[in-house]
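J.: Chain residues, written in single-letter form:
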Amino acid sequence: MVLVQALVSGILIGGVYALIGIGLTIIFGVMRVINFAHGELMMIGMYLTYFLFTLLHVDPFVSVLITIPIMFAFGAFLQKTVINRILGSLPQNQILLTIGLGLIMSNTVMLAFTSDYKILTTSYSSSSLHIAGISVSQPLAVSFAITVAITAALYWFLMKTDTGQAIRATAQDREAAQLMGINVRRMSILAFGIGASLAGTAGALISPTYYVFPQVGSAFTLKAFVITVLGGMGSVVGATLGGIIIGVVESVGAVTISSDWKDVLVFAIFLVVLLVKPSGLMGKSRM
Amino acid sequence: MKSRAASAAGTVLLLAALAVLVAFPAFVSNPYALHIMILLFLATGQGEAWNIIGGYTGQYSVGHAAYFGAGAYGTLVLLQKWNIAPWYGAWAGVAVALLLSLLIGTICFRLRGPYFVLASIAVAEIVRLTVLNVPSVTNGAEGVLISDLPPFTIGGWVVTDFSTKVPFYYIALALAIVTVLATWAVQNSKLGYYFQAIREDQDAAHSLGISLNFYKNAALLISAFFTALAGVFYALYVRFIDPTTVLPLDLSVQIVLIAIIGGIGTIYGPMIGALVLIPLSEVLRSNVIADLLIKSGLVGVDSGLGIFLKGRLAQAHVLIYGILVVVVILFMPQGVLGFVRKLASRKEQG
Chain A
1 MVLVQALVSG ILIGGVYALI GIGLTIIFGV MRVINFAHGE LMMIGMYLTY
51 FLFTLLHVDP FVSVLITIPI MFAFGAFLQK TVINRILGSL PQNQILLTIG
101 LGLIMSNTVM LAFTSDYKIL TTSYSSSSLH IAGISVSQPL AVSFAITVAI
151 TAALYWFLMK TDTGQAIRAT AQDREAAQLM GINVRRMSIL AFGIGASLAG
201 TAGALISPTY YVFPQVGSAF TLKAFVITVL GGMGSVVGAT LGGIIIGVVE
251 SVGAVTISSD WKDVLVFAIF LVVLLVKPSG LMGKSRM
Chain B
288 MKSRAASAAG TVLLLAALAV LVAFPAFVSN PYALHIMILL FLATGQGEAW
338 NIIGGYTGQY SVGHAAYFGA GAYGTLVLLQ KWNIAPWYGA WAGVAVALLL
388 SLLIGTICFR LRGPYFVLAS IAVAEIVRLT VLNVPSVTNG AEGVLISDLP
438 PFTIGGWVVT DFSTKVPFYY IALALAIVTV LATWAVQNSK LGYYFQAIRE
488 DQDAAHSLGI SLNFYKNAAL LISAFFTALA GVFYALYVRF IDPTTVLPLD
538 LSVQIVLIAI IGGIGTIYGP MIGALVLIPL SEVLRSNVIA DLLIKSGLVG
588 VDSGLGIFLK GRLAQAHVLI YGILVVVVIL FMPQGVLGFV RKLASRKEQG
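Chains A and B, in that order, give the protein sequences.
All the letters of the first sequence, read from the start, carry residue numbers 1 to 287 under the working numbering.
All the letters of the second sequence, read from the start, carry residue numbers 288 to 637 under the working numbering.
Please keep in mind that the hints were generated in silico from the structure rather than gathered at the bench.
Be aware that a few hints might be false.
Stated by the list, open to error - Calculated lysine-lysine pairs in the DSBU-like style (CA-CA distance at most 35 angstroms, straight line):
#1 A:K80 <-> B:K477
#2 A:K80 <-> B:K634
#3 B:K368 <-> B:K452
#4 A:K118 <-> B:K582
#5 A:K80 <-> A:K160
#6 A:K277 <-> A:K262
#7 A:K262 <-> A:K160
#8 B:K452 <-> B:K634
#9 A:K262 <-> A:K118
#10 A:K262 <-> B:K634
#11 A:K80 <-> A:K262
#12 B:K582 <-> B:K477
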């Protein structure tokens with residue numbers, strides 16, 4: 001029973017992880033840039049949600065509607081002003097640049113709001129639903145439902161709309177896409193915007209059950225890498241799967257081994273995947 | 288081509304700089320000034336050590352905190368738990384770092400580019416979490432604190448009892464010099480040529496019969512050795528270590544940035560990087576700017592801005608690392624040193 005419980009909450013938290021992973025994988029797919037500032041984008045989403053809640057009393061789950069456009073604009077701005085300049089340079093330099101951007105974001109937030117832990121307490125933060133003998137945290141359940149909705153909408157967008165197909169084409173072969181008349185610069189801006197808004201959304205969804213502080217991002221950046229490498233860099237389906245798997249590994253690992261070692265377990269799985277199948281679970285298909 | 292006169296002038300300049308550094312504590316006794324110099328030497332050592340694997344061999348390890356921490360923990364844990372003098376414990380710490388580097392090399396060098404970067408981070412995080420999770424050996428999150436260092440004696444004669452910063456100054460200087468000399472030796476040896484061949488084109492190097500695995504591991508081993516020594520020094524100098532000061536990802540990043548900001552794959556790069564980064568981040572950390580602004584009367588002590596500057600600016604010294612790395616990568620991809628050289632050559636031409 002404890003295992004089933006852990007499995008369920010693992011899947012629920014895995015939904016949020018999937019959002020973070022999908023954002024990272026889309027950015028990587030379209031631009032071949034590994035965004036080391038991804039967790040920091042999520043952190044900004046958390047702060048947006050926190051202040052929308054404390055100052056304007058917007059419910060964290062409703063605030064997603066505000067967080068998504070703001071984070072999209074922020075991501076598009078970053079792409080246009082900074083990331084776009086280093087698309088052709090060494091992968092190492094791209095990594096360092098995004099690390100630098102992440103440091104700037106987390107330290108600016110720290111300057112503005114101090115490094116104190118903030119807690120967003122809603123009326124339902126600690127309430128839980130009971131289904132078939134399993135108790136499920138209500139905010140986690142709601143966030144999972146929203147995650148599923150957003151992921152479904154994103155699939156539809158990528159698969160069915162012209163813009164979505166153009167993004168996928170850019171991810172498959174940038175030059176060929178350009179030759180077909182696709183504005184790849186615009187697609188890159190869109191991709192970074194989408195990636196940032198997904199990270200921001202994950203931040204918003206997780207904020208009722210997590211501490212909000214400036215350095216919260218780096219742990220999630222690492223998690224996002226584990227998820228995307230596990231699923232296969234550039235694969236949206238893979239990132240979704242990877243998110244769920246990591247969520248389950250963490251929560252089942254915490255119950256069966258110990259919660260101190262669950263992160264070690266995650267990194268160990270990451271290394272094994274890197275060594276055995278660096279292309280990941282869904283490595284062949286790109287997006 | 289450099290003329291012989293210019294190179295002789297360079298040597299004279301270098302020796303003069305060295306003489307100034309050696310004589311420095313005789314003229315300056317301000318502990319804070321000595322502290323800044325010690326941090327400079329430490330950062331130079333860290334940057335040069337990373338440069339061997341990152342700059343010369345082209346393998347961007349973002350997990351060097353693991354070696355730094357291994358050196359630091361090895362020394363202090365042995366001293367605290369078993370009362371083993373640091374002059375022996377240090378080598379145990381270095382040995383742990385070397386073993387760790389062999390393990391990490393075996394795992395990570397099968398991967399290339401961004402995958403190698405990610406793997407190096409993952410291994411360093413595993414090391415940090417392990418140290419955190421075995422408190423029986425490492426004290427976990429509490430860290431290791433040493434109140435007194437045993438005096439350094441040779442055959443009954445007390446060389447120093449470490450009551451001032453001066454002995455630390457000379458040890459840090461010696462460490463930095465040794466690391467620089469080692470880098471110089473590597474750069475001008477066959478080993479260094481192999482490293483650089485691997486950096487320029489792994490496959491071409493491999494096709495010429497250079498064993499990638501062997502030479503990458505050799506580079507990492509040398510790099511880990513000097514990083515661990517820096518860790519040993521840090522532990523003995525500060526006398527307090529915990530996983531958030533000697534093992535975090537931030538430290539790995541800072542080590543890389545020292546080399547990147549100065550200019551990788553050069554002897555002078557990490558020195559320049561340390562010279563740029565340490566004073567800037569110390570100025571922020573120690574509230575010099577806030578104090579100056581308040582003293583000059585530009586900002587009132589009790590004004591909102593004054594309180595903000597005094598209270599917050601010190602926390603954000605890492606911000607300068609972020610801004611610098613973004614500026615350097617966007618506008619000076621060869622680092623500050625490369626940028627200055629380019630400016631100089633432009634001047635000569637036109």
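J.: Take a quick look at whether K262 of chain A and K160 of chain A sit within 35 angstroms of each other, Cα to Cα.
T.: Cα-Cα ~39 angstroms, so violated.
J.: Holds or violated: are the alpha carbons of K452 of chain B and K634 of chain B at most 35 angstroms from each other?
T.: It is violated: about 43 angstroms lies between the C-alpha atoms, which goes past 35 angstroms.
J.: Could you grab the alpha-carbon distance between K80 of chain A and K634 of chain B and see if it respects the 35 angstroms cut-off?
T.: 33 angstroms, holds
J.: Run the distance test for K262 of chain A versus K118 of chain A: straight-line Cα separation, threshold 35 angstroms.
T.: 24 angstroms, holds
J.: Take the C-alpha atoms of K80 of chain A and K160 of chain A, compute the straight-line distance between them, and say whether it is at most 35 angstroms.
T.: This hinted pair holds, its Cα atoms lying about 26 angstroms apart.
J.: Is the hinted pair K262 of chain A and K634 of chain B satisfied, with a Cα-Cα distance of at most 35 angstroms?
T.: 58 angstroms, violated
J.: Run the distance test for K582 of chain B versus K477 of chain B: straight-line Cα separation, threshold 35 angstroms.
T.: 56 angstroms, violated
J.: Is K80 of chain A within 35 angstroms of K262 of chain A, Cα to Cα?
T.: 38 angstroms, violated
J.: Hinted pair, alpha-carbon criterion (35 angstroms max): K368 of chain B, K452 of chain B. Please report holds or violated.
T.: Holds. K368 of chain B to K452 of chain B sits at ~25 angstroms (cutoff 35 angstroms).
J.: For a C-alpha distance cap of 35 angstroms, please report whether K118 of chain A and K582 of chain B respect it.
T.: Roughly 34 angstroms between the alpha carbons, so the hint for K118 of chain A and K582 of chain B holds.
J.: For the pair supplied as a hint, K277 of chain A and K262 of chain A, confirm whether the alpha-carbon distance does not exceed 35 angstroms.
T.: This hinted pair holds, its Cα atoms lying about 22 angstroms apart.
J.: For the pair we were handed, K80 of chain A and K477 of chain B, check the Cα-Cα distance against 35 angstroms.
T.: Answer violated: K80 of chain A to K477 of chain B is near 44 angstroms, above 35 angstroms.
In the structure shown, a violation is registered for the earlier hints numbered 1, 7, 8, 10, 11 and 12, in ascending order.
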